[in-house]
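Participant: The primary structure of each chain is shown beneath.
There are 2 protein chains.
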Amino acid sequence: MVDFLMNIELNNDSTYQQQIREKLVELIEQDSFGDKPLPSGRKMAQLLKVSRNTIVLVYESLVDEGYLIARKRSGFFVHPDLSLEHTLSNTVQMLHDKASRQPNWSKRLQKTPSDLPTLNKDQNWFNYPYPFIYGHIDINNFPVCQWRECSRIAESKGKLHEWVEGFIDMDDPQLITQIRQQILSKRGISAKNDEVLITLGTQNSLFLLTSLLAEKSVIFGVENPGYASLRQIISLCDSPMKPLELDNEGIILGEQLKDCNYVCVTPSHQYPTTVTMSIDRRKALLEQACNDNFVVIEDDYESEVNFIEAPIPALKSYDQDGRVIYVGSLSKSLSPGIRIGYLVADKKVVKELRTLRNLHYRHPPSNNQRITALFIGQGYYDSHIRRMRRTYEAKWIEMQLGIDLYLKNCKIHSTSGSFCFWIGLPNGITSKELLNVAAEHGILIESGDILFMQPDAPKNYIRLGFSAIQTDKILKGLKILGKLIDDLYQ
Amino acid sequence: MVDFLMNIELNNDSTYQQQIREKLVELIEQDSFGDKPLPSGRKMAQLLKVSRNTIVLVYESLVDEGYLIARKRSGFFVHPDLSLEHTLSNTVQMLHDKASRQPNWSKRLQKTPSDLPTLNKDQNWFNYPYPFIYGHIDINNFPVCQWRECSRIAESKGKLHEWVEGFIDMDDPQLITQIRQQILSKRGISAKNDEVLITLGTQNSLFLLTSLLAEKSVIFGVENPGYASLRQIISLCDSPMKPLELDNEGIILGEQLKDCNYVCVTPSHQYPTTVTMSIDRRKALLEQACNDNFVVIEDDYESEVNFIEAPIPALKSYDQDGRVIYVGSLSKSLSPGIRIGYLVADKKVVKELRTLRNLHYRHPPSNNQRITALFIGQGYYDSHIRRMRRTYEAKWIEMQLGIDLYLKNCKIHSTSGSFCFWIGLPNGITSKELLNVAAEHGILIESGDILFMQPDAPKNYIRLGFSAIQTDKILKGLKILGKLIDDLYQ
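So the protein lines, in turn, are chains G and L.
Going by the working numbering, the first sequence opens with residue 1, and the numbers climb by one from there.
Going by the working numbering, the second sequence opens with residue 1001, and the numbers climb by one from there.
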């Protein structure tokens, strides 16, 4: 009994009476008391740290409602009619072995996605002095005041009706306009309203696309190493995948793409090697897409994070033949919590995706769509990107310096930006081995193993992210890491 | 320049500053000014018929955000860094036959979900004087101040870090607690943290569930008439469906459920007939679920909208054997735009659903999760439900009255609540026929045809929703409708 009662977490949102009564009704329903008396008012009051009067009032109201009866000098009991009900159902229950009555879930689950290998993110990364991890934004950069201002406008009485009802299967027209005019245009892309769809981020765009396009006989070419979640989504749809080889200009064209129906690429900064696809390679890829009849899915990943040159226009901007489906998001540039992404595709494709999206979850929350539209429209997104670029540039320079100084034995991919560096360890050192030693020295790094598709992939790649680590910790962290690598190498 | 500026039609939807600023950012983005100065504050003020001060404030804020620079004695110019960015342009023109190079999308689309029949919602419903439609909330009821208060708390500087980064594959622990303590407990359900998952609403919960559980050999029993979107989701997964017959206590038990693997029900108010499943039927359904080894999916739909009696505890609350998966949402009770739903299931199931959700879209936006948690925690959700119930009760009584008075020839299902009435027209009148005549008289009603599964279903059912229509229009609208029915009947 005591255990049950300890579960009442009394709060101030409703009266104690109400909360206690609610819990007692639940317990009575569950036949927790049988034919034993309920704890006395005084005992119960002590247990719950409320006044005795509160308990008495609750008990009396339960008597009025026929849940309890009061027996003189013995206390309060569950009403026999109720007990009878429970006895009956209990008897029926006794006839069955309880375990056998429960569904056999391991048989019923058609898939067990939790068995898929995942990047094990250490949730306690902030406890490490040197967290060289990837995928965290620097929260101090979030434009609090500007976001609040836009949120306040969207939530004002006169504006509310525009989003409270939701958009059924449509998007916020203001957000579509802003994304077209201020985000896509900067990537060289011009798209009509019916060629753009708002999603819940890149992950969701890719999921919607594979739901529509994947099938047992449809081959997806994926970069190797590449984005593990993309491979997981495709494998959910039973589509065969072909790992694509890369060089220092992006994926290698020619033979390896010939039998692909879709080729998934990250041209701005290849995930995870950070290699930028050259303009010549972009043009040639589109030419081959026409000749060999494949469609390119462009994840325009970290296009905003370019520190040394003007960014190359998106692959989509060179696309004259509708051969590119373009995917972008605000997760890396603004906040992954808000979950706003977008895709650009042929209007036939967008129409079907819109219907699918409607069946999957209706639409991305309309308040977030509207706040984001205001945020972009007021110029806050652009100025935020500019500020962010400056902040991260300082870190990136520090990283370059430290890697040059301390990671001499490693193979480094030169890069024009991104939030990370992709690093090949000297032969004989595995990433897992270094990861463990580094953790002991307060350094958090990521193994690249899971980003390779084939089981016999190289085991000596690591990714060093720098969005979470403080600028002044970078050099010191890399120095220690370099020492650890050198020690392992000897 | 002048032409551009003439395009700003200032309205009262937002401040002039905001509108002018937005337009200027757009013009800057389009490189409309080049290296010329922007019009002076005075000139611009004259053009737009606003005060000069307004323009000065806008210009200054654009300087702060790095869009403009002020040059002494020369005025305001676009920041040179921005102009440089615009030199990026691509003029790739290819001389190919365009059509033949484009992908053949009709061949590539693995499904065309847009071909599925849908409820045709008239987007211009508010133009009808008598919109007896379903699924719209009364926006005037939305608790603006309370929502804004919670939004302000969630967006305060000290709180921001809790959601800006997102939750990876987890949920806001505060929201889980609030849903358990304040929503599920009122439905008689006690669930552990790892038995609850936040989703983007009921549609999304059902989609995640079918993604995990459906398969060619798995039979889903669905209520008939019933929720059309559920049937569409199940058909996406190629699972066979079995239409289930109903009586005035809910779905009929026995033979028809025997071969089902899953039985999907809406016990609070059956969709669309509004019939409430009796307690005896609930208990017997669970008993049969054990004996015939099926699992019940309970969509606890409109449980808050009960006008004449205390609501019956959820089916899930009677479930001793883990035979019920429970689905609920805040879409009908608070706002469909915010897209917050939840489900309760065995922790094994929740674990796999969580992984699937992560692959589909990561998680419902974390800011909305937090705002909703605060909103429930502050007791605002409960008091909103109470207010809402009072508002709709008045409408519901008016509906009852009008239907009794004017729809004498129709078959009416008595009900304890819901936002609609399910009405059988006199023999010989089809819903489509009435729908057209009614529309000519300013009355919007919904045909029930699409809610039936079989093609030879009755064609004489309509649904009359009352959440959108004004209370004082109800009687008058029903009077006209009754007259139209009588005319068709003669």
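The set of hints was computed from the structure by calculation and includes no laboratory data.
Among the hints, erroneous ones may be present.
What the hints assert, rightly or not - When the alpha-carbon atoms are kept at most 20 angstroms apart in a straight line, the in silico SDA-like pairs for lysine to any residue are as follows:
{"id": "1", "chain 1": "G", "residue 1": "Lys43", "chain 2": "G", "residue 2": "Asp81"}
{"id": "2", "chain 1": "L", "residue 1": "Lys1347", "chain 2": "L", "residue 2": "Ser1217"}
{"id": "3", "chain 1": "G", "residue 1": "Lys23", "chain 2": "L", "residue 2": "Cys1290"}
{"id": "4", "chain 1": "L", "residue 1": "Lys1043", "chain 2": "L", "residue 2": "Ile1069"}
{"id": "5", "chain 1": "G", "residue 1": "Lys159", "chain 2": "L", "residue 2": "Glu1245"}
{"id": "6", "chain 1": "G", "residue 1": "Lys23", "chain 2": "L", "residue 2": "Ser1185"}
{"id": "7", "chain 1": "L", "residue 1": "Lys1258", "chain 2": "L", "residue 2": "Cys1290"}
{"id": "8", "chain 1": "G", "residue 1": "Lys351", "chain 2": "L", "residue 2": "Ser1106"}
{"id": "9", "chain 1": "G", "residue 1": "Lys107", "chain 2": "L", "residue 2": "Arg1042"}
{"id": "10", "chain 1": "G", "residue 1": "Lys216", "chain 2": "L", "residue 2": "Trp1105"}
Participant: Each hint should be assessed against the structure and marked as holding or not.
Facilitator: Structure-based check of all given hints:
no. : hint                     : verdict
1   : Lys43(G) to Asp81(G)     : violated, 26 angstroms
2   : Lys1347(L) to Ser1217(L) : violated, 24 angstroms
3   : Lys23(G) to Cys1290(L)   : violated, 27 angstroms
4   : Lys1043(L) to Ile1069(L) : holds, 18 angstroms
5   : Lys159(G) to Glu1245(L)  : violated, 44 angstroms
6   : Lys23(G) to Ser1185(L)   : holds, 8 angstroms
7   : Lys1258(L) to Cys1290(L) : holds, 11 angstroms
8   : Lys351(G) to Ser1106(L)  : holds, 12 angstroms
9   : Lys107(G) to Arg1042(L)  : violated, 75 angstroms
10  : Lys216(G) to Trp1105(L)  : holds, 18 angstroms
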